[in-house]
Amino acid sequence: MNNAAAVVDCIFDGATVFIGGFGRGGVPELLIEAVCDRKLSNLTIVTNNSGTARTGIARLIEQNCVSKIVCSFPIAKESYIFKEWFEAGKIAAEVVPQGTLVERMSCAGAGLGGFLTPVGVGTELAEGKEHITVDGRQFLLERPLRGDFALIKADMVDPRGNLTYRNAARNFNPVMAMAADMVLVEANRAVGLGGIDPNIVITPGIYVDRYWVPGSARN
Amino acid sequence: MALTEDTKVQIARRIAAELQDDWVVNVGTGMPTAVLKCVPDERDIIFHSENGIVGMGPEPTDPAQIDTDLQSAGKRPVTLMPGGCFVHHRDSFAIARGGMLDAAILGGYQVAENGDLANWKLPGAKLGSIGGAMDICVGAKRVFIMMTHTTPDGKPKIVRSLNYPLTASRCVTKIFTELAVIAVTAAGLVLETLAPGVSLETVQKLTEPKLILGKGLGLPG
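Line by line, the protein sequences are chains A and B.
Position one of the first sequence corresponds to residue 1 (my numbering), numbered consecutively onward.
Position one of the second sequence corresponds to residue 220 (my numbering), numbered consecutively onward.
Careful: at least some of the hints might be erroneous.
For each label pair, taking beta carbons as the anchor points, the in silico distance ranges come out as [unchecked claim]:
#, chain 1, residue 1, chain 2, residue 2, range
1, A, G114, B, G416, 53 to 59 Å
2, B, L222, A, K90, 34 to 40 Å
3, A, E127, B, L222, 32 to 38 Å
Hints listed in this document are in silico derivations from the structure and should not be mistaken for laboratory results.
In this text, a Cβ means the ideal position worked out from N, Cα and C, and glycines have one as well.
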């Protein structure tokens with residue numbers, strides 16, 4: 001695609017949107033900005049953190065685009081916009097342990113009906129969840145989590161949409177890319193067909209619907 | 220109470236001394252990151268960070284090495300040790316839950332006598348930030364808690380039973396504070412080490428459960 005706006009023009013009001021990244025690594029920052037510009041409403045955002053300062057996800061929240069956030073780490077010093085909106089009752093939050101969050105997406109991507117985890121047993125996050133005992137050990141049944149869209153940050157992309165990731169920017173991105181109906185990618189650089197060693201492709205292009213490289217006009 | 224940097228480093232050094240060659244060790248956010256730079260050079264530890272780093276090194280000393288694609292769980296810039304590698308989040312948590320972590324070092328709000336840990340949410344709060352703590356505490360072979368011995372207003376954080384929301388039950392192996400090192404055992408809490416100049420009476424007064432004296436203390440018991 002030629003620009004970020006065109007990549008995200010398919011996102012609709014009320015959609016569930018996965019956003020990759022952890023800290024600053026692997027965050028599709030320019031795609032998020034383009035979503036902000038769409039002035040959408042009622043989005044459910046699935047991501048690890050609830051926004052930093054007034055940028056990215058925090059800006060989406062501040063512009064009243066988000067009705068719910070599903071994440072592992074909502075309360076942090078830098079997530080003050082989320083906190084303000086949550087305390088005012090203007091946004092809902094579901095806290096999910098980080099390993100459970102990613103595995104729920106993984107299940108959705110792998111066509112599974114859920115998984116059993118010992119994580120959370122005995123805690124308040126287990127309330128209302130089905131408990132299943134296997135070989136004497138208690139587990140929680142966790143359900144798959146599918147997205148309408150995933151915003152992904154990759155390193156290299158080729159014309160098939162094959163992706164690599166750079167360092168710890170990999171984080172949630174490859175799993176999110178498997179678990180959303182439309183996968184929208186912001187990449188650092190585009191290479192030609194055969195430009196990525198097939199042995200190092202992390203996300204096969206079959207998952208990728210649209211990609212954009214800032215500063216380039218390639219699709 | 221707030222700790223000085225020197226005290227944090229002392230605790231971090233004490234924890235680093237527990238780590239054995241070839242261990243895979245997860246380091247959490249906040250105080251535990253201090254342990255990274257306290258490991259003796261000759262010790263070969265593989266540090267894991269929940270965001271997919273296997274073989275994490277300390278913060279870069281040269282600002283030119285700072286890389287936003289290479290940050291710790293606490294979102295601080297870190298380095299990658301020679302032989303280190305990256306995995307995605309699902310694999311990172313498979314490492315954690317799957318039993319690959321020989322130890323994990325986390326902060327704590329409260330630890331109970333039976334090893335129950337609270338470190339993610341304040342009592343009565345509507346929300347807390349769990350991050351990867353539940354997964355890591357359930358999966359790690361040893362859970363080391365690095366924390367202040369008391370709350371800012373002087374109340375014990377090592378308690379008979381938690382009144383903060385649980386992170387994971389019976390998971391804590393040892394507690395490291397500015398006053399002492401305390402092991403959680405089937406018999407109860409064993410006081411292993413006193414910080415220099417700290418008396419047994421002081422530690423006991425600031426610890427709710429009765430402490431069992433460890434042999435290394437040169438004290439009766």
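Any of the earlier hints contradicted here, and which numbers?
-> none
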